[in-house]
Amino acid sequence: MSQVTGLEFPCEWPVKAFGPGTEAFELDVVRIVRRHAGDLRENAVTTRPSRNGKYAVVTVTIRARSRAQLEALYTELRAHPDVVMTL
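Its first residue numbered 650, the sequence shown is counted upward by one per residue in our numbering.
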C-alpha cells in the first residue's frame with residue numbers, strides 16, 4: 650500500500666489485485682477481502698481483463714475502517730501466489 654497522507658477513516662477504498670484472468674483468481678481475491686472487510690456492497694467487485702484475457706485486475710471497493718485494516722488486507726493479498734501486483 651502506498652503512503653497516503655490526510656486519509657480519514659472510515660472511507661471508500663478500491664482494493665486492486667492483478668493476476669491471472671480466471672474466475673478462481675477473482676473468487677480468491679474476494680474471499681481475502683471479505684476476511685478483512687466483512688460483507689461487501691452490491692456492485693463492489695469489478696474485473697477488467699487484459700487485452701488477451703491472460704490477466705485481469707480485480708477491484709473490490711470496501712468501506713475501510715483503519716490503516717491497520719488496509720495494511721493487513723494488502724499483506725494477505727500480496728502473500729497469495731497468483732497475485733502479481735496490488736494497488
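Just so you know, the hints here were simulated from the structure itself, not pulled from any lab data.
Treat each hint with caution, since some may be false.
The following label-pair restraints were derived from C-beta to C-beta distances [to be verified]:
id, residue 1, residue 2, range
1, R714, K665, 15 to 21 Å
2, R697, C660, 33 to 39 Å
3, G655, N701, 35 to 41 Å
All C-beta atoms in this analysis are idealised placements derived from N, C-alpha and C, irrespective of residue type, glycine included.
* To do: Evaluate the given range 35 to 41 Å for the C-beta pair formed by G655 and N701.
  => holds (39 Å)
* Asked: Range hint 33 to 39 Å: satisfied by the CB atoms of R697 and C660?
  -> Violated, at about 22 Å.
* R714 and K665, beta-carbon distance inside 15 to 21 Å? -> With a Cβ separation near 19 Å, R714 and K665 satisfy 15 to 21 Å, so the hint holds.
When held up to the earlier numbered hints, the structure conflicts with hint 2 and nothing else.
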